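Colleague: The residues making up each chain are set out below.
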Amino acid sequence: MDEAKLKKILGDINAPAPDENAKKSAVNLAVAEFKTVENQRKNAPQGISLFGRLTSKTTQTRRDPMQQKSKQRLMYGGMATAMAVVLIVGVTAQQTMIKNNEFVAQSMLATTNVDAAATAMESLADVNEAAPQEMEREEALPSAAPAPLPTPMDAPVASLTVTEQAAQVGNYATTARAKIATPGFAGAGADASRMMMAESMPYAPPPGVVVPLPEPINPYYQEEGRDKFQDFKPSPVKLVADEPVSTFSIDVDTASYSLVRRELNNGIIPNPDAVRIEELVNYFDYNYALPETRETPFKPTVTVTNSPWSKDKKLVHIGIKGFDIQTDQKPHSNLVFLVDVSGSMDSPDKLPLVKSSLKMLLDTLQPDDTVALTVYAGSAGTVLEPTKVSDKQTILNAIDNLNAGGSTAGAAGIEEAYRLAEKHFDKEGVNRVIVATDGDFNVGVSSDTDLKTIIEKKRESGIFLSVLGFGLGNLNDSLMQTLAQNGNGTAAYIDTINEARKVLVEEASSTLFPIAKDVKIQVEFNPELVQEYCLIGYETRALNREDFNNDKIDAGDIGAGHTVTAIYEITPAGATPSIDPSRYAEKKEAAQPKSEFAGEIGFLKMRYKLPKENESKLITTPISADANAAPNSDVTWATAVAGFGQILKGDTHIGNFTYDDVIKMANEAKGTDEFGQRAEFINMVRNAKASAPH
Amino acid sequence: MSKNEDRELIKRAQSGDAGAFEALANQYYETMFKMAYKFCGNRPDAEDITQESCIRLARGLHSFKGDSAFTSWLYRLVINTGKDWYKSNNRHPKSDDGLETVQVSAKGEDQLYAKQVIAAVYELPEGERDALLLVMSEGLSHKEAGQILGCKESTISWRIHEARKKLGALFEKEQKYG
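Just so you know, the protein sequences line up as chains X and P, in that order. Heads up: the first sequence at position 140 corresponds to 140 in my numbering, and the numbers run straight through without jumps. Heads up: the second sequence at position 100 corresponds to 100 in my numbering, and the numbers run straight through without jumps.
It should be emphasised that the hints constitute simulated quantities derived from the structure, not laboratory data. Because the structure is a prediction, the values reported are computed rather than measured. Cβ atoms here follow ideal geometry from the backbone N, Cα and C, with glycine treated the same way.
Label pairs and their calculated CB-CB ranges: (1) Ser691(X) / Gly150(P): 50 to 60 Å; (2) Thr496(X) / Gly168(P): 44 to 54 Å; (3) Gly150(P) / Pro348(X): 38 to 48 Å; (4) Ala4(X) / Gly150(P): 22 to 32 Å; (5) Glu162(P) / Asn14(X): 18 to 28 Å; (6) Ser390(X) / Ser68(P): 49 to 59 Å; (7) Arg12(P) / His332(X): 50 to 60 Å; (8) Glu162(P) / Gly11(X): 13 to 23 Å; (9) Pro348(X) / Leu112(P): 22 to 32 Å; (10) Lys7(X) / Arg12(P): 31 to 41 Å; (11) Leu112(P) / Ser691(X): 26 to 36 Å.
Extracted from the complex, chain X is given alone in its bound form:
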């Protein structure tokens, strides 16, 4: 190829100007590292011998195998004096090898950042040349690696000191950064922003506290198609005769709804695996009956209606509403924010939105609640030790100073966050870790199962977990679900400032204060009245029949004021079944309904634990066949949403039900719609209709 042309094309690669924030954080990290290295160098003996000389591997051409070979030849072949040198080098090298091996093993077992692993690998590879530098290297390594992960079981003392060291480095970096970062809003700007906040938000910040306005999100480049979802199939129709009992865990997550809305607003039909029908239904607030006393945290409301999409079938709605906590009765909260500040978070709908969201949440807290802030990127570190909310400005400054850059070592961050929460554990209050991430944990323990193990271990400490997902394109939804489902937690997906307000302000009490945990539902259908049933949604939450009574099995949690809805589609006895009867099965005589249970379609059982208890309690209620009084608007609304979810997933049970039917039903059931969420849903259905393949 023509050299001039090639030169022109390649010379033309137009590297964009670097991002100022990325630059700042990189430089600050480097300066912190420089100071650490310098301190060690000062303390290290210098120039004692030929081998003590400080040389760096970076100046050596270690990538060329031919050169390495020639060096070896020089070393091993030669005169007797050379042999002596070789012997010494050989011995040191062997020791190095052992040490480094240990180190590598350690760093593989524990979570370290990329660099530590890379350095360790290099040391192994370079062992022949590296002997002279070893003294320096050995000392430099521990601080370069962000501490082998402290596991609570082994060596708690040692790991603590190392983590503290890491925390110090973290602090250091932030203080250094704080110097450069310009202070947020001040003076007149602050007044203006305060007034605007007061108008636009139900919870206005107290006077004297500066809350920068959330900025509108401008268009920008987005990654596409790297989102990860757990795949699942819609639950099949089941014969009551074969399997009369259905068991599942409740799910109050709403992440799927915001994800679906975001995709549809962009004119894209979402990945079917991203549509979890129960999360769509539970996104909305319903006015189900509250329990009479606070002894029981919630009460089921059961309604039976005709199925709008199948002529002969019926829908059984099970609605639950947890009691709400009055503002003055809110328990003390000990919150640890864990913010992902890796490079991937550097886009307008991620880190800046996280900051605005956290500030909103801060406004809903009581003055003596405590908040701590940890971050994770290349390494994990504490930015803000637990601080009382009354010292709001300190917290706001810490939030404002967050910058994105580096890769994501989520597991180390989670360990650190739990450590902080444990340190200030409040027996009477609510202890919660709130993770804000795009879910891309690419360093250290990153497989879903390994993280699950960590989380499960931490769950027993009584600390709750909330996962807030941000951004799209690189979102690891499946990991977020794993975290939330296994860590006594909930997951929400935040795509706009409005969504942040819904999750963190309007629903602050349900997001923050659990009233029951490990809530499981089991329904046994009466074979005399019901032939078949099918649970709509909850596929990822299905439990085995025996799990219901096993208190060790984790299940979903309900927060103050949460509503949960589950919908079954049933085929009543006598209607045309979906499943043909078995030819060879023993034909039973059509027995007359036993008088005792004549009016019961089924029996509903719910098991739950109070937040601080480990013994389950039981709520039971029969589902009566004539519970189909006039369906109220809440039930119709939930049905419309469930129908929409099924169409969107391409579910085959839904028959000829179309987006238009959904819109019609939804319009009828819209109700007062205080926050405009139901209107937004209807709009979303229209978007789906427009984007659907014809």
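With chain X fixed as given, assemble chain P onto it according to the hints.
Modeller: Just chain P, lined up with the frame of chain X:
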């Protein structure tokens, strides 16, 4: 800032002056970022690699002896960091999502052609790609490129010859008949 002042800054940083190091890092961040960007072709990766390079610079600056230009030394640092970064992240710079975003100043049809050529360059074997980028894009001599990549001048010449042959096979024909 002149070369001499840079040398002065490097010396002060090498003797342990954190302020000088900070100035140096600020000064060369852009250079390193641009190198990293050329190496990987997309911003997020380039930022990660540059951050990592800055940290390695902090650890390894004292080993810079001044026997080559500081920028050449930096090149090697960034390229090696990039290699390690991709190795440990189990990825490769040529992944599709990266190349879509490469920015070139050419417009229209030329731009399309340029992007295709660049995509092909990223598909080349590592050694050939690096040699080509250093010589053609950064305008270094074969000798300098050899120093940075740790091989002989003649090896660089050979790699560039090979790379051009491969690219020629891909693009010359289309140009003649198209």
